[in-house]
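Trainee: Here are the chains, one letter per residue:
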Amino acid sequence: MVRMIDLNTIDKPNWCPGCGDFGILLALKGAVVELNIEPENTVIVSGIGCSGKVPHWIRTYGLHGIHGRPLPVAAAAKLSNHELTVFAVGGDGDGYGIGMCHFIHAMRRNIDMTYIVHNNMIYGLTTGQTSPTSEKGMRTKSTPSGVIEVPVNPIALAISSGATFVARSFAGDVKHLQKTIVNAVKHRGFSLVDVFQPCVSFNFINTYDWYKQRIYDLETVGHNPEDKMAAFVKSQEWGEKIPIGVFYKVALPTYEDELPQIKEMPLVKQAIDNVDISKLMDDFV
Amino acid sequence: MEKNRLTWKLGGKAGEGIMATGIIFSQSCSRGGLHVFDINEYPSLIKGGHNTIQVRVEDREIFSQVKSVNVLIALNKETVLLHKDELTSGGGILYDSSEVLDRKELREDIRLYPVPFNNIIKEIGAQAIMKNNVALGASIALIDYDFDVVARVIRDTFKRKGDKIINDNTLAAKAGYDYLKKNFPNDFNYKLEKIGTGGRMLLTGNDAICMGAIKAGCKFYSAYPMTPASSILHFMAANERRFNIVVKHTEDEISAINMAIGSGFAGVRAMCGTSGGGFCLMSEGYGLAGMIEVPLVIILAMRPGPSTGMPTWTEQGDLKFVLSASQGDFPRPVIIPGDNEECFYMTAGAFNIAERYQTPVIVLTDKYLAESHKTTEKFDAGRITLDRGIYASPEALAASDEKTFFKRYKFTENGISPRTIPGMKKGIYSAASDEHDEEGNIREEIEERIQMMQKRMKKLDTLARELKHPDIFGAKDAEVTIIAAGSTKGPIKEAMIALEKEGVKANYLQILYLSPFPIEKVADVIDSARKTVVVENNFTGQLADIIREKTGRNVTRRILKYDGRPFYPEEIQSAIKEVLAHG
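Protein chains in written order, with this note's numbering: chain A, 1 to 285; chain B, 1001 to 1583.
Mixed in with the good hints there might be a few duds.
Stated by the list, open to error - Cβ pair distances, simulated, as ranges: (1) A/Phe232 <-> B/Glu1549: 57 to 65 Å; (2) B/Lys1003 <-> A/Arg108: 42 to 50 Å; (3) B/Pro1306 <-> A/Cys101: 21 to 29 Å; (4) B/Glu1549 <-> A/Ser160: 48 to 56 Å; (5) B/Cys1280 <-> A/Phe232: 35 to 43 Å; (6) A/Asp282 <-> B/Met1001: 46 to 54 Å; (7) B/Ile1390 <-> A/Arg108: 33 to 41 Å; (8) B/Ile1390 <-> A/Lys212: 31 to 39 Å; (9) B/Lys1067 <-> A/Asp282: 32 to 40 Å; (10) B/Asp1059 <-> A/Asp282: 41 to 49 Å; (11) A/Gln129 <-> B/Ser1528: 56 to 64 Å; (12) A/Asp6 <-> B/Arg1553: 53 to 61 Å; (13) B/Arg1388 <-> A/Asp6: 24 to 32 Å.
Claimed, not checked - As a list, the in silico DSS-like pairs of lysine-lysine whose alpha-carbon atoms are at most 27 Å apart: (14) A/Lys12 <-> B/Lys1403; (15) A/Lys279 <-> B/Lys1194; (16) A/Lys269 <-> B/Lys1194; (17) B/Lys1425 <-> A/Lys263; (18) A/Lys279 <-> B/Lys1161; (19) A/Lys279 <-> B/Lys1425; (20) B/Lys1425 <-> A/Lys186; (21) B/Lys1425 <-> A/Lys269; (22) B/Lys1164 <-> A/Lys12; (23) B/Lys1410 <-> A/Lys12; (24) A/Lys12 <-> B/Lys1426; (25) A/Lys279 <-> B/Lys1378; (26) B/Lys1159 <-> A/Lys269; (27) B/Lys1077 <-> B/Lys1047.
Said to hold, decoys possible - Cβ-to-Cβ under 8 Å is the rule here; a few derived chain B residues that face chain A: (28) Asp1207; (29) Gln1327; (30) Ser1430.
For the record, the hints were derived by calculation from the structure and aren't laboratory data. For every residue, glycine included, the Cβ atom is placed at its ideal position computed from N, Cα and C.
Next up, chain A with everything else stripped away, as it sits in the complex (with noise of 0.2 Å):
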């Protein structure tokens, strides 16, 4: 069995006191225990940002990557072994901007992955700019005028780029959140968490007051996640009540489901030390 101590690290997060990435690694640390999925058949990829820091404070296999790309990386290093579990994590800055075109090819692709998102409507490391899920308005250094962009909807967007798992949650629900990692991680197919992350040193607006006092769990509404349309017309919801819980989800094969390749075992365990390329030769004569 998984224990929380043996994701321990020697380094500890410094993260700023507060911040609601801790909230996210507890509840991952926790969703890991409670899926008892072994640490060394674990992955988490991640980009750049505060959130690119994540692999470094749990113990499991992990890479530490470049700025928009955990999707490419932890989707190959799933193809290349799909026994393992694999996670993304990253920001609103390192999804939803830079890496916004990987965000949606990976989705089409449905291998069976989950990427957490670490929103918090602001460029945190960089000490505060706008990010593309700043609120129009939104005063920062890089928009002191404020954002003339309406901002991205990660939802909507997951939803219409063929996510099979469309999710928010909060890191100040950290049970909320473990349960829907752990809902994402059993789906079988790309899983999409977003989660709420209060900044506490450059967001004064998206505090973890202002979720309180707007978001409400969908079930509680008794939303069919299993309705497209319904999970689309709920990712609209926005301002006074905010939803989380699981938008959408829809049990399709995956990427891996579709590639004879890896059928009888792993690409990673496939021997190669007596390929035989003799007619392959032959077809060029």
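Given the coordinates of chain A, work out where chain B should sit on it, guided by the hints.
Mentor: Coordinates of chain B only, in the frame set by chain A:
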């Protein structure tokens, strides 16, 4: 009469099947035991625009294309106008008799063979697209080659398309063949004769790269289409189920390299491929692989830049780019093969270097090598051995502390640290694109930074000691020494043969590794040469500049070409004579 020494050129509009027909001709010659080298020239569009394929055939091994043409097959008038000056004395133009050619505009020593392509097509009830087969058949008659060999190649080429297509194509070629035999005397100066049954492969550098990768156990290939690397993607995809390879056409090159990194991290032999523009996008990932020490092979097939440049033409303009792509210092092995054999063996070798030294390895080619077909002896696949590098031993894993990460980046004598991959119990670590300690934890302290930089860079020193470099090719007492890298190898070898016939002794040092650079070897060769000249396909003489940077020797004689076309042996031959005459 010239027997079994011929250059055949087919030209017409893009979309008329020029390349496919040319390859049928190449393969027909190869199957007759002859040696072939072909080159295609085409613009970056699908329909219309001018396309050619030029096939050189001889009864000895040939290494490049030549400039002069003996048979020009013109599917349109434009082909005649553009290429008539390439014809040798006694050469012939085979063209559609419905086109009116002004005899006065053509040299008197060129022979004309008008053939009513369209009428023949109508008579046999074939589709207009088969005009090229009529032309092919007529050219076979003109050079008096064996039609049965051609018919067999047509059959094999179209075997997946069914009997009707095979028959229609064969009939069209036969009709062209018969027309020419019936209407013209058999007195053309250039003839081809079957001298065996072949047994050699007809393949491009890209084909050879794919075969090398597959033999080396490449199991993951990711790429975004880009000329002239696209045919690697097509080859790998066509063979993915046959050899259990996952091939991914990604959303962009950034994804392609990051996927290959994810696969390499997971323990699979992974490769990605692109051209210069795509490699610009890959540069950041290239540095990531260097930093986190993930093995990876990158194929970069060059084309002329800057920017979109000339997408379907050739150049060696990215040498300095790849040597310093991505920020910071990290080991950047760069292999630059010069022919199909080197593409095969050195791509396979690149996987060994990548895994042994845990670093990305670039295989640098260009359009001329990537897309030209050459008859090639079957590779000796038994020569390929696998070196998977060093993995952490069971003892080391057993002894590792379960409270910390595994020392994946352990400091060692040669800079190489034993690897672990996901799934290995007690081998757990987290790779960091940030500077890190032996366990992968982010560290920015002075001592650790210095040690880790030295550890990574030591790997390049270790590799430099292990690499073998080719000896100088040709006479030791040559009047002039040519230094070059990559696809210039073929035309240089051909130029040397021609120079020797003229009594000029030249020798040639081929550089196979741009990094780590063979410093001593090149310095010695320059110091002992009577005259040194560098031949390269770019504007500034990038290789010569690298030589100067690495050896301190300035080779001022630089034969450069940057018009998008490869070197022809004739050009090198005359440039060398110029160097000898004037310094």
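Trainee: Under the constraints set out in the numbered hints, which ones does this structure not fulfil?
Mentor: The structure conflicts with hints 2, 6, 8, 10, 16, 19, 22, 26 and 29, although it agrees with all the remaining ones.
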